[in-house]
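Enquirer: Sequence:
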Amino acid sequence: GGGGGGGVCVCVCVCVCVCVCVCLCVGPSLSSNWLSCFPLSMWGKHAKQTHLDLAPNKLQSLPSGVFDKLTQLTKLYLSYNQLQSLPSGVFDKLTQLTKLYLSYNQLQSLPSGVGVFDKLTQLTHLLLYNNQMKSVPHSNPNLQHIWLFSNPWDCRCPGISYLSRWIRTNS
Numbered sequence: 002g003g004g005g006g007g008g009v010c011v012c013v014c015v016c017v018c019v020c021v022c023v024c025l026c027v028g029p030s031l032s033s034n035w036l037s038c039f040p041l042s043m044w045g046k047h048a049k050q051t052h053l054d055l056a057p058n059k060l061q062s063l064p065s066g067v068f069d070k071l072t073q074l075t076k077l078y079l080s081y082n083q084l085q086s087l088p089s090g091v092f093d094k095l096t097q098l099t100k101l102y103l104s105y106n107q108l109q110s111l112p113s114g115v116g117v118f119d120k121l122t123q124l125t126h127l128l129l130y131n132n133q134m135k136s137v138p139h140s141n142p143n144l145q146h147i148w149l150f151s152n153p154w155d156c157r158c159p160g161i162s163y164l165s166r167w168i169r170t171n172s
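Under the numbering used here, the very last position in the sequence shown is 172; numbers go up by exactly one each time.
Errors might be hidden in some of the hints.
30 Å max Cα-Cα, derived DSSO-like pairs, lysine-lysine [stated by the list, open to error]:
#	residue 1	residue 2
1	135	59
2	135	120
3	135	94
4	100	70
5	49	76
6	120	49
7	135	100
8	49	70
9	120	100
10	135	49
11	94	49
12	76	59
13	59	49
Read the hints as simulated data drawn from the structure, not as lab findings.
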């Protein structure tokens, strides 16, 4: 497959219980490759990149630690995949991240406990629209823009009451 944004990737993935992938990539884009998985080892030579485009693909899950070596990322595009959940701490090492695109997935909730975005102190834009979210945990106070529309919210759920208060206070 070919990736947009100047990147070129050739990937072969075989998934039987566990995914085994081989990818040869040049550039930061794995966009439109129909990937359903990718190996953790592929980030080594791209550790200093600031943008990573993984949209659209067929990713259903992300391995724990998948982005840990990409500490310079400022933009991460994960929209238009089939993500159903996120592992706890998956974004913790991305402390430079300012924009996170998670729209058009199948996310129903985000990891509970310590906030999934708490360590993203630079995060200003979070796109979670067009998922299956019913609640959203407390998020980073530095967020300037958050897109949450087109989710089946349950406004009676205690997990969303703080968001209602925040909207009333900041409107």
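Enquirer: Run every hint past the structure and note whether it holds.
Expert: Status of each hint after checking the structure:
About 23 Å separates the Cα atoms of residue 135 and residue 59, which keeps this hinted pair within 30 Å; it holds. Taking the CA atoms of residue 135 and residue 120, the gap is near 23 Å; set against the 30 Å cutoff, the hint holds. Our distance criterion of 30 Å between C-alpha atoms is met by residue 135 and residue 94, whose separation comes to about 26 Å. Between the alpha carbons of residue 100 and residue 70 the distance comes to roughly 18 Å, so the proposed pair stays at or under 30 Å and holds.
Under the criterion of a C-alpha separation no larger than 30 Å, the hint pairing residue 49 with residue 76 is consistent with the structure, at around 12 Å. Straight-line distance between C-alpha atoms of residue 120 and residue 49 comes to about 19 Å, which keeps the hinted pair within the 30 Å bound. Proximity of residue 135 to residue 100 is assessed by CA-CA distance (about 22 Å); at most 30 Å being required, the pair is judged to hold. For a cut-off of 30 Å, the pair hint linking residue 49 to residue 70 stands: about 9 Å separates their Cα positions.
Between residue 120 and residue 100, the direct Cα distance comes to roughly 14 Å. Compliance with the 30 Å bound is thereby established for this hinted pair. With a C-alpha separation of about 35 Å, the suggested pair residue 135 and residue 49 falls outside the 30 Å cut-off, and the hint is violated. Using a Cα cut-off of 30 Å, the hinted pair residue 94 and residue 49 holds, with the two alpha carbons roughly 13 Å apart. Pair hint residue 76 plus residue 59 holds up; C-alpha atoms about 19 Å apart against a cutoff of 30 Å.
Our distance criterion of 30 Å between C-alpha atoms is met by residue 59 and residue 49, whose separation comes to about 25 Å.
The structure fails to meet hint 10 from the earlier list, while all remaining hints are met.
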